[in-house]
Structure formats: structure tokens, C-alpha cells
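Please take these sequences and the hints and turn them into a complete structure.
There are 2 protein chains.
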Amino acid sequence: MPSVDICFSPELLPLYNLQGRVAVVVDILRATSSMVTALAQGVTYLVPHSELDPCRAMAAEGYLTAAERDGVQADGVDLGNSPFGYLDGVVPVRGRAVAITTTNGTRALHLSAAAEHVVVGAFLNLGAVAEFLRQQQRDVVVVCAGWKGMFCLEDTLFGGALAARLAPGFDTTSSDATLAALDLWQAASSNVAGYLLKSAHVRRLNHLEAHKDMEFCVRQDVYDLVPVFRNGKIIVAQ
Amino acid sequence: MPSVDICFSPELLPLYNLQGRVAVVVDILRATSSMVTALAQGVTYLVPHSELDPCRAMAAEGYLTAAERDGVQADGVDLGNSPFGYLDGVVPVRGRAVAITTTNGTRALHLSAAAEHVVVGAFLNLGAVAEFLRQQQRDVVVVCAGWKGMFCLEDTLFGGALAARLAPGFDTTSSDATLAALDLWQAASSNVAGYLLKSAHVRRLNHLEAHKDMEFCVRQDVYDLVPVFRNGKIIVAQ
Numbered sequence: 001m002p003s004v005d006i007c008f009s010p011e012l013l014p015l016y017n018l019q020g021r022v023a024v025v026v027d028i029l030r031a032t033s034s035m036v037t038a039l040a041q042g043v044t045y046l047v048p049h050s051e052l053d054p055c056r057a058m059a060a061e062g063y064l065t066a067a068e069r070d071g072v073q074a075d076g077v078d079l080g081n082s083p084f085g086y087l088d089g090v091v092p093v094r095g096r097a098v099a100i101t102t103t104n105g106t107r108a109l110h111l112s113a114a115a116e117h118v119v120v121g122a123f124l125n126l127g128a129v130a131e132f133l134r135q136q137q138r139d140v141v142v143v144c145a146g147w148k149g150m151f152c153l154e155d156t157l158f159g160g161a162l163a164a165r166l167a168p169g170f171d172t173t174s175s176d177a178t179l180a181a182l183d184l185w186q187a188a189s190s191n192v193a194g195y196l197l198k199s200a201h202v203r204r205l206n207h208l209e210a211h212k213d214m215e216f217c218v219r220q221d222v223y224d225l226v227p228v229f230r231n232g233k234i235i236v237a238q
Numbered sequence: 001m002p003s004v005d006i007c008f009s010p011e012l013l014p015l016y017n018l019q020g021r022v023a024v025v026v027d028i029l030r031a032t033s034s035m036v037t038a039l040a041q042g043v044t045y046l047v048p049h050s051e052l053d054p055c056r057a058m059a060a061e062g063y064l065t066a067a068e069r070d071g072v073q074a075d076g077v078d079l080g081n082s083p084f085g086y087l088d089g090v091v092p093v094r095g096r097a098v099a100i101t102t103t104n105g106t107r108a109l110h111l112s113a114a115a116e117h118v119v120v121g122a123f124l125n126l127g128a129v130a131e132f133l134r135q136q137q138r139d140v141v142v143v144c145a146g147w148k149g150m151f152c153l154e155d156t157l158f159g160g161a162l163a164a165r166l167a168p169g170f171d172t173t174s175s176d177a178t179l180a181a182l183d184l185w186q187a188a189s190s191n192v193a194g195y196l197l198k199s200a201h202v203r204r205l206n207h208l209e210a211h212k213d214m215e216f217c218v219r220q221d222v223y224d225l226v227p228v229f230r231n232g233k234i235i236v237a238q
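From first to last, the protein sequence lines stand for chains S and A. In this text, residue positions in the first sequence follow our numbering: the first is 1, and each later residue adds one. In this text, residue positions in the second sequence follow our numbering: the first is 1, and each later residue adds one.
These are computed hints drawn from the structure, not numbers from a lab. Be a bit skeptical, because a hint or two may be false.
As the list claims (entries may be wrong) - With a straight-line Cα cutoff of 30 Å, these simulated DSS-like cross-link-like pairs (lysine-lysine) come out:
no., chain 1, residue 1, chain 2, residue 2
1, S, Lys148, A, Lys148
2, S, Lys212, S, Lys148
3, S, Lys212, S, Lys198
4, A, Lys198, S, Lys198
5, A, Lys212, A, Lys198
6, S, Lys148, S, Lys233
To be verified - Counterexamples of contact, computed for chain A against chain S with all Cβ distances above 10 Å:
no., residue
7, Glu11
8, Gly20
9, Ala40
10, Met58
11, Arg138
12, Ala167
13, Gly169
14, Lys212
15, Tyr223
Beta carbons are placed, not taken as given, at the ideal position from N, Cα and C, and that holds for glycine.
Here it is, written out as C-alpha cells:
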């Protein structure tokens with residue numbers, strides 16, 4: 001039976017063997033939630049960048065550019081990191097490619113490249129990711145982007161929610177991280193947004209737009225698609 | 001108000017600023033539980049070693065030697081890593097110094113040396129550690145030894161239990177790790193041993209002696225002493 005493990009920080013990834021496994025990279029607030037939303041709104045693909053300047057330079061090649069630093073849209077780019085940037089129609093996104101850089105999510109994607117598949121996970125596409133993993137029948141490692149390398153609640157809750165969806169067809173009891181995430185998910189699942197209001201990260205983003213984003217980002221199964229990171233691009237899995 | 005943060009793995013310690021703070025190093029199964037027990041039974045001090053051979057060599061200098069690798073007593077030493085080694089009278093320990101090496105705990109101690117004080121924490125001395133921290137009035141970082149660098153439930157539960165004891169005089173809400181540990185502690189506290197039976201680490205040690213150790217190691221407030229790591233030695237704080 002394939003297993004589900006959870007890596008709470010990209011800094012811990014060297015301890016995990018990703019070879020032959022599926023890595024599910026998650027940065028609920030907000031990188032992976034926005035990537036899923038972007039593809040659902042007709043963005044053709046995304047190119048994640050670790051650094052801001054190379055990302056910004058992609059505008060000259062016809063890309064839309066999206067970037068945040070410390071939770072705020074960076075200067076000189078088309079979009080921030082809010083999923084609503086792909087929904088509100090201010091910047092037309094359908095048919096465009098997007099170069100994106102974020103504080104935590106991009107780093108987690110690049111560090112996961114050794115996996116057989118690197119999937120972009122969010123609550124927004126939770127069911128689609130679970131179905132993809134059931135089809136793959138490979139061991140799963142959920143890679144939490146965290147907050148500047150540290151443990152964060154929202155990515156952990158996603159890990160717990162995914163493990164809960166995959167049980168009992170997957171082994172969710174051989175990793176203490178997965179056991180903890182399942183218990184935290186049980187405590188939070190009846191009101192995820194309410195639970196996250198106590199999170200240090202969410203309180204750090206304590207303003208109206210951030211709360212609106214957070215409430216959107218914890219909605220489950222809004223989009224039925226699975227983005228994968230392959231050859232430097234995030235595309236919808238065939 | 002001083003704060004309580006929790007570092008789930010020594011691998012994450014570079015992200016934490018220990019300067020001016022108190023580090024509480026914890027390796028419930030079983031290094032720090034055994035260290036507390038050793039000092040309570042009259043061991044004068046302990047010298048933690050990262051490597052087995054230098055530890056074993058300390059026998060020539062009159063030390064008792066204690067070592068485990070992968071949960072089993074190492075060859076050619078006096079004691080393993082069970083707290084009962086200091087309790088069962090087979091090896092007289094009163095008045096002796098002990099050279100000790102363990103898989104995870106020693107590493108966590110050495111990596112925490114930048115802190116103002118490095119305290120050895122366990123459920124066995126939970127109340128004494130909490131009282132010491134209240135007297136210090138400094139920010140606290142609980143350093144979980146983990147299992148080979150990975151997250152483990154028992155050390156996390158200790159972090160939650162300590163945070164619960166320190167609230168409301170300490171800020172226990174500014175770190176997602178502390179919030180998670182508090183929720184896990186709430187789920188586990190009515191039956192800690194029962195809760196840990198599901199832990200991957202505990203099941204790995206699934207034999208009679210290990211269960212006896214585990215049930216002892218989760219008992220709270222058995223010993224009223226606070227070991228500190230100072231100048232390479234673990235001694236009882238004056």
C-alpha cells in the first residue's frame with residue numbers, strides 16, 4: 001500500500017527520499033492556491049522563479065509577471081499573489097503564460113524536482129489531487145512551503161486533509177508528521193477559516209484583502225485540475 | 001511577555017535565533033528522560049557525545065558510559081538509553097559521572113549551545129522546567145530532537161504540555177508550531193501513553209521494554225530538578 005508522508009519545511013527535504021515518489025507541493029497562502037486558480041482561468045502555463053529580477057524580465061518575452069515579497073505585490077509586475085488577480089478581470093489572463101515568483105512556494109517546487117511527479121496542491125483542487133494520487137499508486141510526500149522555512153498551520157492542514165481523503169487506500173499511519181496533520185485537520189476541518197484566524201501567519205496578514213484571500217484559499221474542490229511542475233513549467237496534467 | 005516557540009527538528013535550528021533565549025532540549029524517547037532520571041538518582045553530571053567511540057573511551061577516565069544506536073544499547077558500554085538503567089540497581093550510579101551518546105538528543109544539545117541557557121526537558125521534570133522558565137522571564141525555544149531529524153510526536157507533545165503550563169504568563173500564540181503542539185497536547189493529554197502507541201517511532205520500538213520505558217517517560221513531575229548543559233556538561237542547575 002503506498003504511503004503518505006508530510007515534510008513540514010523545505011529545509012527538511014534533504015531527509016526525504018523523493019525518488020519514485022509523488023511530491024505534492026503546497027503553499028496555501030497563497031502561491032499554490034493562485035497557481036491552481038490561474039490554470040483554471042485559462043492561463044496556459046506558469047514558470048516559477050526563485051528571484052524577482054529574472055521573473056520581471058520575462059515581461060519582455062510576452063509573459064505576464066506575478067510576484068510578491070512578504071505578502072505584498074512586488075513593484076513593476078502585473079499581478080501579486082492573490083488568486084483574485086486571476087479572477088477579477090483587471091488583468092486579462094486567458095491564453096497567457098505567467099512568470100511567477102513567491103517567497104516560499106517557488107523554492108519548495110524547485111527543491112522537489114527529484115520526485116517522479118511534482119504536483120501543485122491546494123484546497124481548491126484537493127479532490128483532483130487525491131484522484132491523481134490514487135491513479136499513480138506511488139508513495140506521496142506532501143512538501144509544505146511553510147513560512148520562510150518554518151512550520152505553518154495552513155499547509156499542514158492541507159496535508160491532513162489530503163491524508164484523510166486518501167485513507168484507507170494509503171498508509172497514513174507510518175509517519176508522525178502525517179499522524180499529527182490528521183489530528184490537526186480533525187480539530188480544524190469543521191471551520192478551517194476560523195481555525196486559521198489564530199495562525200501566526202494569518203494574523204501577520206491581518207487586513208481585509210488577506211482575509212478574503214484566506215477564506216477563498218481554504219475552499220475545497222473548487223477546481224477539478226491537477227497542475228504538475230515539469231521541465232521548468234507548471235502545466236495542467238494530461 | 002516572553003514567548004514560547006517550538007523547533008520541530010534540529011535541522012530547522014538555523015532558522016531560530018537562540019541568542020538571549022532559553023533552549024529547552026527534549027528527546028522524550030529516551031535521551032532527556034534518562035538524563036533527568038540519572039541526575040535524580042545521584043549521577044554527578046553527564047557529558048554528552050555525538051560519536052560512540054569518544055564516549056566509550058571515557059571509561060578509561062572513570063566515567064560510566066551510556067550509549068544507544070537505533071534504540072539498542074551499544075556494545076562495550078555500561079548503560080543503554082533506558083531510564084531504568086539508572087533505577088534498577090544493576091549498575092551503581094550514585095556519585096558517578098556518565099559519558100552518554102544517543103542518536104538524536106546529543107546532537108540537539110550541541111546545536112542549541114548559542115542559547116543563554118540550555119535546559120534538559122522531559123515530562124519527568126516538566127513542572128520544574130516550567131518554574132525555571134518563569135523565573136528566567138526570557139523567550140523560550142523548545143528544541144525537539146526528533147527522529148533522525150524528522151518531526152516526532154512525543155517531543156512535540158512535550159512542547160505543547162510545556163506551553164500549556166506556561167500560559168497565560170507567556171505568549172503561546174505567535175508561533176504556528178506552538179499552536180499546533182498545544183492542539184496536539186489537548187488531543188493527547190488525557191492518555192499520553194495511549195496516544196503515543198500510534199506514533200511511528202513508538203511502534204518502531206514495539207517490544208516490552210520499550211513500552212515500559214515509554215509509559216515511564218510520559219509521567220509528569222516525577223523529579224523536581226532542572227538539568228542545564230553548560231561547558232560541555234549536564235549538571236543540575238543551582
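Taking the hints in turn, this is what the structure says about them:
no.	hint	result
1	S:Lys148 with A:Lys148	holds, 22 Å
2	S:Lys212 with S:Lys148	holds, 22 Å
3	S:Lys212 with S:Lys198	holds, 15 Å
4	A:Lys198 with S:Lys198	holds, 28 Å
5	A:Lys212 with A:Lys198	holds, 15 Å
6	S:Lys148 with S:Lys233	holds, 23 Å
7	Glu11	violated, 6 Å
8	Gly20	holds, 19 Å
9	Ala40	holds, 28 Å
10	Met58	holds, 30 Å
11	Arg138	holds, 20 Å
12	Ala167	holds, 13 Å
13	Gly169	holds, 19 Å
14	Lys212	holds, 21 Å
15	Tyr223	holds, 26 Å
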